[in-house]
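A.B. asks: Using the sequences provided together with the hints, build the complete structure.
Note that the protein sequences, when read in sequence, are chains P and H.
Its first residue numbered 3, the first sequence is counted upward by one per residue in our numbering.
Its first residue numbered 3, the second sequence is counted upward by one per residue in our numbering.
Note that these hints are calculated values from the structure, not bench results.
Hints are not guaranteed to be accurate.
Stated by the list, open to error - Pairs of lysine-lysine residues, derived as DSSO-like cross-links and limited to a Cα-Cα distance of at most 27 Å, are as follows:
id	chain 1	residue 1	chain 2	residue 2
1	P	K35	P	K7
2	H	K292	P	K239
3	H	K123	P	K239
4	P	K233	H	K292
5	H	K140	P	K292
6	H	K233	P	K327
7	P	K108	P	K139
8	P	K123	H	K241
9	H	K327	H	K292
10	H	K239	P	K292
11	P	K290	H	K233
12	P	K290	P	K123
13	H	K233	P	K292
14	H	K292	P	K241
15	P	K290	H	K127
16	H	K140	H	K241
17	H	K327	P	K233
18	H	K139	H	K78
19	H	K127	H	K7
20	H	K239	P	K123
21	H	K123	P	K241
All values reported here derive from a predicted model rather than from experimental measurement.
There are 2 protein chains.
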Amino acid sequence: MLSKKEIFHFDSLDLECGEVLHNIDLAYEIYGKLNENKDNAILVLHALTGDSHLAGKYIDSDLKTGWWDKFVGPNKAIDTNKFFVICSNVIGGCSGSMGPSSLNPKTNKPYGLNFPFITIKDMVKAQKRLIDFFGIKKLISCIGGSMGGMQALEWAVTFPSYSLSFIILASSAYQSPQNIALHEVGRRAIMNDINWNNGEYYASARPDNGLSIARMIAHITYLSDQSMHHKFGRRIKGKEELNFELHNEFEVESYLEYQGRSFIQRFDANSYLYITRAVDYFDYGDGKLKLALQNKAFDERVKFLILSFSSDWLYPSYQSLEIVKALQYNNLAVSYADIQSSFGHDAFLLENEKLSPILKAFINF
Amino acid sequence: MLSKKEIFHFDSLDLECGEVLHNIDLAYEIYGKLNENKDNAILVLHALTGDSHLAGKYIDSDLKTGWWDKFVGPNKAIDTNKFFVICSNVIGGCSGSMGPSSLNPKTNKPYGLNFPFITIKDMVKAQKRLIDFFGIKKLISCIGGSMGGMQALEWAVTFPSYSLSFIILASSAYQSPQNIALHEVGRRAIMNDINWNNGEYYASARPDNGLSIARMIAHITYLSDQSMHHKFGRRIKGKEELNFELHNEFEVESYLEYQGRSFIQRFDANSYLYITRAVDYFDYGDGKLKLALQNKAFDERVKFLILSFSSDWLYPSYQSLEIVKALQYNNLAVSYADIQSSFGHDAFLLENEKLSPILKAFINF
Chain P
3 MLSKKEIFHF DSLDLECGEV LHNIDLAYEI YGKLNENKDN AILVLHALTG DSHLAGKYID
63 SDLKTGWWDK FVGPNKAIDT NKFFVICSNV IGGCSGSMGP SSLNPKTNKP YGLNFPFITI
123 KDMVKAQKRL IDFFGIKKLI SCIGGSMGGM QALEWAVTFP SYSLSFIILA SSAYQSPQNI
183 ALHEVGRRAI MNDINWNNGE YYASARPDNG LSIARMIAHI TYLSDQSMHH KFGRRIKGKE
243 ELNFELHNEF EVESYLEYQG RSFIQRFDAN SYLYITRAVD YFDYGDGKLK LALQNKAFDE
303 RVKFLILSFS SDWLYPSYQS LEIVKALQYN NLAVSYADIQ SSFGHDAFLL ENEKLSPILK
363 AFINF
Chain H
3 MLSKKEIFHF DSLDLECGEV LHNIDLAYEI YGKLNENKDN AILVLHALTG DSHLAGKYID
63 SDLKTGWWDK FVGPNKAIDT NKFFVICSNV IGGCSGSMGP SSLNPKTNKP YGLNFPFITI
123 KDMVKAQKRL IDFFGIKKLI SCIGGSMGGM QALEWAVTFP SYSLSFIILA SSAYQSPQNI
183 ALHEVGRRAI MNDINWNNGE YYASARPDNG LSIARMIAHI TYLSDQSMHH KFGRRIKGKE
243 ELNFELHNEF EVESYLEYQG RSFIQRFDAN SYLYITRAVD YFDYGDGKLK LALQNKAFDE
303 RVKFLILSFS SDWLYPSYQS LEIVKALQYN NLAVSYADIQ SSFGHDAFLL ENEKLSPILK
363 AFINF
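C.D. replies: Set out below in structure tokens:
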């Protein structure tokens, strides 16, 4: 399946922080065909550093497919023979959508730290414009994992009538203090890079090492103690004995370094600052979700699917259960499963054999 | 109780990496009195960034006591009316013992990265010299938490006859790949600091921000998801509403920043590199502990106490149980408890009401 990145352009967006964004680009990709009634669409929302490249390849020779290719395509869990699938990038990002690396018309230079703060609600409001552009009044489903799950939940709160179902994987109704803390050290690693220059690095060397460290921290949180034992153990890298060196003795170190190095090829440090902050601000905790869902204009057929993963310590299962309880409190139909997996948070990207039947059954019911 | 830091000096030490250290200083503190038979001594070993200041104050006006003051003193779990308590700093450190910030006689400048790599075994071999200096042939107990527990385990392997008991808290027989990974990102944060200068920063500005970030990462691992909820929640710092700022919106961020800033007042960045590496190298995993304990010249009365803490995700309880199994395999007397606590890894420093009776009973039995 070949995919193509498209850019949706719209005039302006009022942000939660009080500022207004103008002349906005939003990257997206579409798969399958929108039917005449425009009632076969599914919106998929990506995680922190994801993008609109959900499935397939741009050209046949691409080495990598989109980030949820296991789940999206002809005859897959999200069947593109049947559904019209939209994956929207987030504003604040750096993969075709407006973000800190975009040109600020006032200065003719990239925004950098002059870019206004964005929130999950702002991301969702931008996506709503895209759905309007397609003329879609009712989605089959609004689906996301991790930060994508936060967006799906925000869709339910802000545009409740716009989807027949909401699927939230490996996510939470709020960012926990532990996760705020983990984001904070990542941000500091970027801002302590010699090249960061208060965010004005676009015309010179970039804060690659700092961004790479931030990614390494984050990557640890995507795995699990168990999966790291299994994947790396204490194996030393390409040699028989320890060398007594500060770096790259152990396979796990080389792997993380590789993850950091790959990441900086595709991500902008300022976008990382802004998007982590947006996640930190997400807060339907402490009973707020119960209230936020009250008396909303949901479709009478609406249903929710909440999925957590047993070894996910970034968004542990109890946080998914808190969402379930808030839905039940509001008499909303909800299915929940805690899927046994050793893959940690990344399980929502990897456990296709366990996940696909669940998703397929839920979406097609 | 007033305490005083002492320096023990000895000639040389053969290191595991193959190099030899000369003219070694080792900082220590002592509490209580060594009896005539020299058979009432307890050796306490500190964690990663601890030091010899175990208990009491240096002067009455000190704001802080030693790091295990809750447990060590007259009539406390480790009763200094009864026992002679020694706390030895580790080589490689920066609190009075020889380490990378010590003067290299060859260059008349601090060693920096010319300091040889050290291991947990090297630390223990240095401590053994201190025990010999006191003329102690048999300790009542050899006790440590976290990296201190690794040292206590190494004492059991390397000098088995030298203690009647070994107490290992919140520790492991090996450093897991997850923990190697967490150390690695801390080290990279230091080495990416503009002031790090390949470890030659002693005559100029120090890599404070990098070291502070490393400490912030580590500090997160000392707490637990639950204790962070309880301690900070999502409270915002000293204001009513979010300001939309990249730093210091949330209390947890300010707390971490404070921890980082405090740490750089007392710790040397190169020592942090060397000591984290020593921990990474610690490896009695994959059945190696079983073998290492076989046919050792333990006192016939020897006994072990292994304690883990339910919310410790840095050295999870299963890792303590692996130690227990290796001891049982060798028919060594072992008591084990998994103490229910929400304090995470730090529980071994904080849970004095739960821990003190256990320690007291075990030591005095």
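A.B. asks: Hint by hint, note whether the structure agrees.
C.D. replies: So, going through the hints one by one against the coordinates:
Using a Cα cut-off of 27 Å, the hinted pair K35 of chain P and K7 of chain P holds, with the two alpha carbons roughly 16 Å apart. For a cut-off of 27 Å, the pair hint linking K292 of chain H to K239 of chain P stands: about 25 Å separates their Cα positions. Annotation: proposed proximity of K123 of chain H to K239 of chain P holds, straight-line Cα distance about 23 Å (limit 27 Å). Between the alpha carbons of K233 of chain P and K292 of chain H the distance comes to roughly 24 Å, so the proposed pair stays at or under 27 Å and holds.
With a C-alpha separation of about 62 Å, the suggested pair K140 of chain H and K292 of chain P falls outside the 27 Å cut-off, and the hint is violated. A C-alpha spacing of about 24 Å is found between K233 of chain H and K327 of chain P, which places the hinted pair at or below 27 Å, so the restraint holds. Under the criterion of a C-alpha separation no larger than 27 Å, the hint pairing K108 of chain P with K139 of chain P is inconsistent with the structure, at around 36 Å. A distance of roughly 22 Å separates the Cα atoms of K123 of chain P and K241 of chain H; the hinted pair therefore holds under the 27 Å criterion.
Between K327 of chain H and K292 of chain H the CA atoms are separated by roughly 8 Å; this keeps the pair inside 27 Å, and the hint holds. Between K239 of chain H and K292 of chain P the CA atoms are separated by roughly 25 Å; this keeps the pair inside 27 Å, and the hint holds. For the suggested pair K290 of chain P and K233 of chain H, the alpha carbons sit about 20 Å apart, so the restraint of at most 27 Å is met. Of the pairs offered as hints, the one joining K290 of chain P and K123 of chain P holds, with about 15 Å between alpha carbons and a cut-off of 27 Å not exceeded.
Between K233 of chain H and K292 of chain P, the direct Cα distance comes to roughly 24 Å. Compliance with the 27 Å bound is thereby established for this hinted pair. Pair hint K292 of chain H plus K241 of chain P holds up; C-alpha atoms about 25 Å apart against a cutoff of 27 Å. In summary, the hint linking K290 of chain P to K127 of chain H is not supported, as the alpha carbons are separated by about 57 Å, beyond the 27 Å threshold. For the suggested pair K140 of chain H and K241 of chain H, the alpha carbons sit about 57 Å apart, so the restraint of at most 27 Å is broken.
Of the pairs offered as hints, the one joining K327 of chain H and K233 of chain P holds, with about 24 Å between alpha carbons and a cut-off of 27 Å not exceeded. Straight-line distance between C-alpha atoms of K139 of chain H and K78 of chain H comes to about 25 Å, which keeps the hinted pair within the 27 Å bound. A distance of roughly 20 Å separates the Cα atoms of K127 of chain H and K7 of chain H; the hinted pair therefore holds under the 27 Å criterion. As the CA atoms of K239 of chain H and K123 of chain P are separated by approximately 23 Å, the hinted pair is consistent with the 27 Å bound.
Taking the CA atoms of K123 of chain H and K241 of chain P, the gap is about 23 Å. The hint holds against a cut of 27 Å.
Of the numbered hints given earlier, the model fails hints 5, 7, 15 and 16; all others are met.
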